[in-house]
Structures are given as structure tokens and as C-alpha cells.
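Mind docking chain B on chain A? Use the hints.
Line order of the protein sequences matches chains A and B.
The numbering of the first sequence is our numbering, which starts it at 4 and goes up by one.
The numbering of the second sequence is our numbering, which starts it at 4 and goes up by one.
In short, the hints are calculated from the structure, not lab data.
Hints may contain errors.
Here are the simulated lysine to any residue pairs, SDA-like style, with alpha carbons at most 20 Å apart [to be verified]:
| no. | chain 1 | residue 1 | chain 2 | residue 2 |
| --- | --- | --- | --- | --- |
| 1 | B | K275 | A | Q121 |
| 2 | A | K275 | B | P187 |
| 3 | A | K206 | A | S183 |
| 4 | A | K17 | B | P133 |
| 5 | A | K206 | A | G71 |
| 6 | A | K275 | B | R123 |
| 7 | A | K218 | A | Q162 |
| 8 | A | K206 | A | R314 |
| 9 | B | K275 | A | R123 |
| 10 | A | K275 | B | R116 |
| 11 | A | K275 | A | D210 |
| 12 | B | K275 | B | L213 |
| 13 | B | K275 | A | H117 |
| 14 | A | K275 | A | A120 |
| 15 | B | K216 | B | P187 |
| 16 | A | K275 | B | W127 |
One-sided and incomplete, this derived list gives chain A residues near chain B with beta-carbon spacing under 10 Å [to be verified]:
| no. | residue |
| --- | --- |
| 17 | R99 |
| 18 | Y118 |
| 19 | P263 |
Glycine included, C-beta positions come from ideal geometry on N, C-alpha and C.
Protein chains: 2
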Amino acid sequence: MSAILLAVAGMDPKPWETSLRSRAPERDLWLWPGQVGDASDVIYACVWLPPHGLLATFPNLKAIFNLGAGADHLLADPTLPQVPLARVVHPDLTMRTVEYIVLHVLMHHRRQRHYDAQQRDRVWRVGGQPAANEVAVGIMGLGTIGGAAARSLAQIGFQVAGWSRTPRLIAGVQTFHGASALDPFLARTEILVCLLPATPQTKRLVDLALLRKLKRNGSAGGAYLINAGRGALQVDADILAALEEGTLAGATLDVFEEEPLPATSPFWTNPKVTVTPHNAGDISPQVFAACVLEQIERCERGLPLDNLIDRMRGY
Amino acid sequence: MSAILLAVAGMDPKPWETSLRSRAPERDLWLWPGQVGDASDVIYACVWLPPHGLLATFPNLKAIFNLGAGADHLLADPTLPQVPLARVVHPDLTMRTVEYIVLHVLMHHRRQRHYDAQQRDRVWRVGGQPAANEVAVGIMGLGTIGGAAARSLAQIGFQVAGWSRTPRLIAGVQTFHGASALDPFLARTEILVCLLPATPQTKRLVDLALLRKLKRNGSAGGAYLINAGRGALQVDADILAALEEGTLAGATLDVFEEEPLPATSPFWTNPKVTVTPHNAGDISPQVFAACVLEQIERCERGLPLDNLIDRMRGY
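Just chain A, same shape as in the assembly (with noise of 0.2 Å):
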């Protein structure tokens, strides 16, 4: 017997389950919680935030694979089996992470929640705001779906810059990298986007601090950010803090320090935040099931696993 493992938390397994049994209906395949037989059986693991000390209770365990891009909640397992750890790099990943990323660069940009204001109070006036091209947008983290995001927001006009840990090119995006180059890229940007993965370097670092180098957006009187990276990027009360005192004019986030987001967060009804479950980079199941089952296939015919996580990265 030989049998692949699927276990999320935080969202339907429903459709992801379904992806799978219909690709591969040959295949066993075990839905946690509930429909896992002898743990010896499971050889491939598919998971999204799977509570810490499950994986490690599967002895035949070859290969994971995680649903999403960002695997620090996998990584902080101390009990994390010594297999290849694999996560879905596909162009559907990008292409979906750059629509939300547009989206609410665009929401900020145009002043949305505004006009939203006002149509609640049926007022028609023309409130005026800058266009894309005197606008400086910072992306902090460039791989694929961070270069794909500033090639999109440049061809709309905005002035884009990125920030990553090692050197990066991208055509018409203005590059920075490494620690010292930070409070430069931060000065120039007025819609600041995270992208980055969560690492012990990363932790924390949008704090009050930073957010107040950040470059005023004229006539909003604030900056603007958006994460749609990882929550633990992030400090909650900071983001709120800066909200409170101007520093950010507004805020969409994806992630955050604690995921579902409580419903006593104070997020949930400040009305410059737009919070979003999760769901910037949502991939397509369908996406996701072909993927793994390409992986699995690798390993069975003995080849190496593709997009593999490097743990001492953390990414």
C-alpha cells in the first residue's frame, strides 16, 4: 500500500481532494482529519499549515509537498521529517499574485475606499489624486512573483522599485538589495507591497519604524501598504499604530501575525484596512493536484524533486 496524505487547515480540503481523485482515481489517497488508515501507508504528504507533530507521525514519509509559496509554518516544526520539501512554483501562482497586487495598488492609488465613502453618502464630487507615473511603488521580495508584479505595475505607468536580499535586474524597475540599501528603498516608496518569504531575518521587520521611512503619497498625507506575503513579516499593533498617527494613509493585508484573523482584531473594522483571507496567491486546485502528481511521478521514476525548499533559507 501506498497512499498520499492531504491535510489543510484554514480552508475547504473539498476541492483540493477532488483535483487529486480525479488526475489520479488509481491513487490512494487520505484525507486528515478522519480518513487516515496505517500511518505506515503514507508516503507523500500535500498539506497547508498542518498542526505541528502530525507529519513526523508517518514513518514511510518520501516527499512533502505545501500547498502555497511560503513554508515557515512547516519550517518552525521541530519535528519536521528529514524529507524533500517541495512547494508549487506555476506560472497560475504568479499570474494570480500579480492580479491582487494590481488590484489594490490600484485601490490605494485611486483613492477606492474614498469614493466608496462617498457613495454610501450619495455624494458626487471629483476628489482629484496623482497619476501612476508620480508614484513610487516598493517591492520588498523579487522572485518570480515579485519581478512579475513590477513589470505589471510599470506597464501602467507607476515608478517601481524593488528591494531583495541578493542582487536583482529588472527592466525599467528601479533595484536595491541587501540590509543597507533598505532605508534608501523605503524613502523612495509611497506604496510599499511585501512579497518577501518569512525567514529569522524577515520576522518583524514591517514594524513602526519602518513604515515611518516610508515616503508620504502627496496628497493622501500618508503611505500606503500592502502584505501579501507572510503575516509573521509583520507586527499587528505596529501596522495599527502607523494607521492611528498618519504614517499610512491606508492598508490591504493578505497575512497576519495570527491567521484566521480573530474577530476581535480591530483590522476587521478599521475603515483604511482591507483585509483579505489569505487568498492573494489562491491557486487553482486543479493547478495545484497536476503539479504534485508531475512531482510524485518524479520520484517514483527516481529524479529530483523540482522547486525544492531550502531549510536553511527557509524559502
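Frame of chain A, contents of chain B only:
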């Protein structure tokens, strides 16, 4: 004496006045209503929705400059003086309108109103939506702005098509033209963007019969409409009916049959509708002032005006 008249309705004239005065302090600028002296001194008029009959009161008018792209209100004035009539064509106007179109296509595509409602209810749930490359956007009107919007949307990943009166070629965009191609264009379009000028041929084109020809966006159940063109293109009551019966899943309207939108309009409170105050192509007064003063200098040097409106064609 030779004066420039500034006559704008429905918005604050102050920024336009300031820009013109600061760029050309040596010129006489008259602000209507109120600051108008001897009518025979007015040689140039900068206008937005001037009351019909007003322009005919200036016997020495040499040219009229329209602040926006749409000239239907002007051309409907039976007393409009027979002088050259120019509109602003500038990359600033194109860029701003493209920002608006991309924003609102993505708001529908990413179900932002659904997530706004979830945020109000403090609900953390990923709904799922198709990826951009599974969704067909159709743009009616492929002039400078429509072409640029098509390119930006295609770059994000959408299946983009355009429909225009005369044939157009845009790389990566499927183009349709003429009356006979309208139905096939609509049949493949899930998100319809209207950018047509208002002419006798396009008046009330967007009615219930047309909306019913759109392709239903799979997971949304209905199509989406964005009108960033002219209010005369649409039948307000038919859009409401299409929303009511589910033909449309949502609409973003920047223009209306009557503007400002009356406080009694059901559009204000319809949860499927986003209302904006005709600001899609809200250009910068600085850009407008520069364009107009350049045109006035052309006039004074005996050169023909740029970007003339064709009275027969209507735009």
C-alpha cells in the same frame, strides 16, 4: 483685449483656473459665471458641460477647448459657434483612464465586493475565482485609451478582445469591428468595458438586449459591466434590470444618463454597483493648461489646431 473664458460645470473650477493663471499670468482669464466682462473680448473658451447657449454669446470666439474626451454635450448645443473644437489628447488622460479600467476589471474579477462584505461580517473564508487567463474581457472602443487598456489587461493575463467601428490591429488582442461583429464580440465577453464616444449610432446601445448577449462569468453567475465612456451609451433602467435578473453579476459606472447622479438613483445603494463621479479620466489641471496654451499659441501663429473634434462623426 483678448480673453480666455473658463466655463466648467459639475466640478470645482479652481484647480483649472490656478493652473491656467500660473502658466500664463500675462493672459486675461475670465471665470464663468461671474467674472465675465465685455463678451466681445472672449477669443478662446475652455469648457466642460457649459450650458447650451452660453458659447453663442461670444461673437469673437476663435476656438473651443473641451476639458474631457466626450463632446456629446457640446455638440448637442444647437447654437454652438462654428469655430474649431478641440479635445485634450494626452498620455496623462490615457494613463489615468487605463488605471481606472484595470482597477475595476480586477475588482470584479477578484470578487472584491464579496470580500468587502465578508470583512464587514468578520468572515475569513476563501471563495475561489478563476485566474485572469480563464476570463474574457471585451473593450468597446479601441481608440488611444481603449488600445492602451487592452494592452495592460492582456499583460496581466486576461483574454482581451476589442470592438470598434473601423478595423484595428493590436498585438495580443482579438479585434472585432462593425455592426455585424458585435454579437460574436459580446458572446465571448464576460467583463465588458465601454469606452465608446456618444454619437447617434452609440446612443442607448448598452441596453438589456445587449447585456443578455454577454457570456456569463462562470463562478460569478453573470457578466460584469464597466462604463467609463459616456452616460448616453447606456440605459440606466436596463442595467438595473440586468443586475436584478442576474444577467449582470456587478457593474462599475463612472457615467450616467443624468450627471451628477441624482440622490434618488437606485444605483447609489445597489450592493452590486460601484458608482464613481465621472472621474475615470480625471486629468491633471496642469496637463490641461499646458495643452490648451500650446493650442492657443498654434492659433496665434496661424497653425491648425490639434485633436479637432469631427462634428459629423461626433467625436
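Hints the structure violates: just list their numbers, smallest first.
Number 2 - this is the single hint that the structure violates.
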